[in-house]
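S.K.: Sequence:
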Amino acid sequence: MSTSPRSEMPMTEKEKQSAQVEELLQVWYAWTMRYRPPLDAPRASIYARGSESSDVYDDADEIDARIEAEQARQVDACIDTLSATHKSAVGIHAANRYAGRAVFRNPRLTPEATHTLYLEAKQIIMPLLVKQGLVICNTNA
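Here the sequence shown stands for residues -12 to 128, numbered as in my numbering.
What the hints contain is simulated information worked out from the structure, not anything from laboratory work. Be careful, since some hints might not be right.
Claimed, not checked - Below, simulated DSS-like cross-link-like pairs (lysine-lysine); rule was C-alpha separation at most 25 Å, straight line:
hint: 1; residue 1: K74; residue 2: K3
hint: 2; residue 1: K109; residue 2: K1
hint: 3; residue 1: K3; residue 2: K118
hint: 4; residue 1: K1; residue 2: K74
Given the sequences, and given the hints that come with them, work out the whole structure.
M.R.: In structure tokens:
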């Protein structure tokens, strides 16, 4: 158990929202790493392409995966509104958190500048994520 006073203090609303954004960025990064565009011929008959399977036999993991994929698509749309340097900073931060170490960096920027751009990007996309309903804002607190 930690004895630092910071660990015993309750999180503020802004810290909770920041944690939600961090979690969403991890979901987004994992989703972008799994994406592989189809480069070959379609694998379904032209007559069966429009058919969808029922959700009746889906288990909780499959449902969670679809929910996370939809969240990642919405986060991706919000990140697309950022400038290229902000996108780079978000990608580097998410990749380093995913890897568990600071192995990715931008050779054109210092780590401090990258972190500053990441924090700016987070502030830019926060209202967009709130508008999408991905980040919960508790106005009663």
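S.K.: A separate judgement is required for each hint: does it hold in the structure or not?
M.R.: These are the hints, each one checked on the structure:
Between the alpha carbons of K74 and K3 the distance comes to roughly 23 Å, so the proposed pair stays at or under 25 Å and holds. Proximity of K109 to K1 is assessed by CA-CA distance (about 12 Å); at most 25 Å being required, the pair is judged to hold. Distance hint between K3 and K118 is fulfilled; the C-alpha atoms sit about 16 Å from each other, no more than 25 Å. Annotation: proposed proximity of K1 to K74 holds, straight-line Cα distance about 22 Å (limit 25 Å).
Every hint from the earlier list agrees with this structure, and none is contradicted.
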